[in-house]
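Engineer: The lines below spell out each chain.
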Amino acid sequence: MAHIPDGLLSIPVLLGGAVATAGGLAWAMRSLNEETIPRTAVLSAMFFVSSLIAVPVGPSSVHLMLSGLMGLLLGPMIVPAVFIALILQAAMFGFGGLTTLGINTLNIAGPGLLMGAMFAPFVQRAAPSRAGLIGGFCAALAVAGTGVGVAASLALSSSDYTPSAKIIIATYIPLMAVEAVIAGLAITFLKRVKPEALTLRHSSITPLRVSQTTFDKPSTPDANSIPVDQNAL
Amino acid sequence: MRLLLFVAVLLGFSATCAHAHKLKVFATLEGQTISGYGFFIGGGRPNGAEVVIKDKSARDVYHGKTDARGGFSFKTTGTSDYTIVVNTGEGHIAKALIEANRFSSPPAPSPTAEPTPVGDGDPGSAAQAAPTNGNDASEAEIQQIVEIAVAHQVRPLLEKIEALDSRLRLADIVAGICMIIGLGGIGLWATSRGSGKSR
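These protein sequence lines are chains A and B, in that order.
So the numbering used here is basically just the index in the first sequence, starting at one, shifted up by 34.
So the numbering used here is basically just the index in the second sequence, starting at one, shifted up by 196.
Think of the hints as simulated: they come from the structure by calculation, not from any bench.
Keep in mind the model is a prediction, meaning the values are calculated, not measured.
From the three backbone atoms N, C-alpha and C, an ideal C-beta is built for every residue, glycine too.
Don't take each hint at face value.
[Claimed, not checked] From chain B, some residues computed to sit far from chain A (all C-beta separations above 10 angstroms):
hint, residue
1, Asn-297
2, Arg-298
3, Glu-337
4, Val-342
5, Glu-343
6, Pro-352
7, Ala-359
8, Leu-360
[Stated by the list, open to error] Which residues of chain B face chain A? A partial, calculated answer using Cβ under 8 angstroms:
hint, residue
9, Phe-236
10, His-288
11, Ile-338
12, Ile-341
13, Ile-376
14, Gly-380
15, Gly-383
16, Thr-387
[Claimed, not checked] Label pairs and their in silico Cβ distance ranges:
hint, chain 1, residue 1, chain 2, residue 2, range
17, B, Lys-261, A, Ile-45, 27 to 35 angstroms
18, A, Arg-226, B, Ile-382, 32 to 40 angstroms
19, B, Leu-354, A, Pro-229, 53 to 61 angstroms
20, A, Ala-204, B, Arg-365, 25 to 33 angstroms
21, B, His-348, A, Ser-198, 32 to 40 angstroms
22, A, Thr-233, B, Arg-255, 58 to 66 angstroms
23, B, Leu-293, A, Ser-198, 24 to 32 angstroms
24, B, Gly-378, A, Ile-45, 28 to 36 angstroms
25, B, Gly-239, A, Pro-229, 38 to 46 angstroms
26, A, Lys-200, B, Lys-356, 16 to 24 angstroms
27, A, Glu-68, B, Leu-366, 27 to 35 angstroms
28, B, Leu-353, A, Pro-162, 55 to 63 angstroms
Just chain B, with the same shape it has in the complex (with noise of 0.2 angstroms):
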């Protein structure tokens, strides 16, 4: 038994560095191009996992595949909820949604949007093909220029928040371990207790 306690500890302090398990979807929008990636919490990509981006009315608007990073991209042709759901394909999904709110007021045309090749790695292609006419440029492209600009810039952050807001800390892991042992510890008092007082 206090093999098996040790080996738990081992086991405890080991998964600090250890890959996590649970898998998640980071996903930004940048323009009108839904761009993100899938991946498991402490480390790992879903590789070529099954990619759907859905309408606010459940309907397919993308079907793709993960590429080795774990990454998807998509060009929205309209604005809506759009909520993209990663299934590896034995158990594992993750959904993420980008509310219609995020997107610029109304959206620039593109009659030619169609989905972008899955792992366009290059976040600042978004910001190349946003129209620019020079000096002739409207309020409304300048405002989307600078949304694209800024969700550029912002993505890095909101990665990060979202890396951290996933990671594993050590204290929950030992708080957890800990809580079995307080609830073994209650359960043993309470049969003593009751045996005790029976006998």
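For reference, chain A alone in the conformation it holds in the complex (with noise of 0.2 angstroms):
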């Protein structure tokens, strides 16, 4: 599903893809700092353990992406939690490719890093069991998100793979309804339990409205990032 193998895609897909993430990663960088990294490498590891685990739906079997949930915990660093359980998933099982890797990871972190800074904002301002519901609502639309971006890579590289509109809605309506109940609790309880892990994206992660005001005045000191010093290494 979401792991498109080697050999199918057209170059201009790939070459798209690969862009697209090569440019999140380093966007991503410049979030990386001591409290993200952990969070990061766990939920990645989570990514790439439930990634394995498919369930047979109809034709076809699919599995949990929790990009929703992955893009409101981690903001931009969805994309090496993706990049990097991708990377493992194709080098150890063969699931996906290493040629496809860019535009695997823009079709699963893409919408989870979309739905994930559109619905944040709400979360962070919501009661635990509201929190819960809108979590739920992201994580069904950024399942939704790679479907469309599936089913479009494969529509753009070659007609005889067009997926069947019919068949992709009848398998991801399920993994929306899934994702989104396990999205929906998992939120309830941080939202309960550990309401500031819902909240770094404006302490420590640098979003990215301030990531821009960083940019545009380099000379004020932010806090939050890590100075990189080219000579420490």
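From these two lone chains plus the hints, build me the complex, please.
Structural biologist: Here is the structure:
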């Protein structure tokens, strides 16, 4: 599903995915700090394992992606989290492929990142149960985004592989529901037990707007960013 | 965070007995019949998925759908490199190749060769269909019968090898998790080193 193997996609689609993922990785490096790294590693490990477990649905099988949840909890760091897990899955199990790493990362992390950025402010403000509902909605939309991305990647590459809308809907809707429930429960739980986990984006992960400000005024010291000393190594 | 780690480890262990994901195609040749099935690593078969068999010149020679067990079967009319493509229609696509050199020397002429009904589960039917003329069997015919019989016997072994090759190993999953944790550690070390120097 989201792990498109080597040898199916056309060069422009592969290149487009690779460039977008490289850009995403470079951008995410700005958010790298002591607090985001362990969180990214844990969620990357969760994604690595959970996307190996798949359940047959009709002619196909689906697996969890947790992209909505990762988008809410990690922000831009969702890109390296998904990228690393996909490299390992490709190398160890042959899931996906090395040439499709870029487009697969884009298809999974892209919607998660977008939906996470869109819904994170609402999740942060809402009460736990309401935050869970919003988180679930966010996760369902992220899965739908991945479905659209995968379908578009295949359709753009070859008309032979254009997926059938009916089958996509039949397989992705149950997945959207399951992802919504998991993300909803996780967000509600975190909101009750460790609400600061969801507000991290405003404290130490540099969100898009802040990074833009930092970019515009390089002289302003940013307490959240890690100074990079080029001569340190 | 500890809870997340716990859940990750829990998922890791449950993965060993759960279904995994990638679609693969097992295809083998018995006489002139290409048969096999699509399967998801760890379990599950693509039911009703599209099967297309192409010859060397990328011409479609067979179009069909997999049966309830993911199976397909096609009697070829010639010798060529056949590519079998199974497509579930939502992004799972897998290919397998049957090379021309696996066909026995000149194939028996079969003017009425038609795709056999999908899901012809009895691999022995190919052997029964082989031409036998009692004592008058020519050397070529005997050779063909022997090849079909050997292919029939070897098939379970090939299936087993394919399954072994495609299984998820707990050691690999744990190695993957440890690799990610290790990368996190390297990242932490690098950032703490960088910030330590600049302070």
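Engineer: Taking the hints in turn, state whether each one holds.
Structural biologist: Verification of the hints:
no.	hint	result
1	Asn-297	22 angstroms, holds
2	Arg-298	21 angstroms, holds
3	Glu-337	39 angstroms, holds
4	Val-342	35 angstroms, holds
5	Glu-343	30 angstroms, holds
6	Pro-352	23 angstroms, holds
7	Ala-359	14 angstroms, holds
8	Leu-360	13 angstroms, holds
9	Phe-236	5 angstroms, holds
10	His-288	6 angstroms, holds
11	Ile-338	40 angstroms, violated
12	Ile-341	37 angstroms, violated
13	Ile-376	5 angstroms, holds
14	Gly-380	3 angstroms, holds
15	Gly-383	4 angstroms, holds
16	Thr-387	5 angstroms, holds
17	Lys-261/B / Ile-45/A: 27 to 35 angstroms	31 angstroms, holds
18	Arg-226/A / Ile-382/B: 32 to 40 angstroms	33 angstroms, holds
19	Leu-354/B / Pro-229/A: 53 to 61 angstroms	56 angstroms, holds
20	Ala-204/A / Arg-365/B: 25 to 33 angstroms	31 angstroms, holds
21	His-348/B / Ser-198/A: 32 to 40 angstroms	36 angstroms, holds
22	Thr-233/A / Arg-255/B: 58 to 66 angstroms	60 angstroms, holds
23	Leu-293/B / Ser-198/A: 24 to 32 angstroms	25 angstroms, holds
24	Gly-378/B / Ile-45/A: 28 to 36 angstroms	34 angstroms, holds
25	Gly-239/B / Pro-229/A: 38 to 46 angstroms	40 angstroms, holds
26	Lys-200/A / Lys-356/B: 16 to 24 angstroms	36 angstroms, violated
27	Glu-68/A / Leu-366/B: 27 to 35 angstroms	31 angstroms, holds
28	Leu-353/B / Pro-162/A: 55 to 63 angstroms	56 angstroms, holds
In summary, the structure is inconsistent with hints 11, 12 and 26 from the numbered list given earlier, while agreeing with the others.
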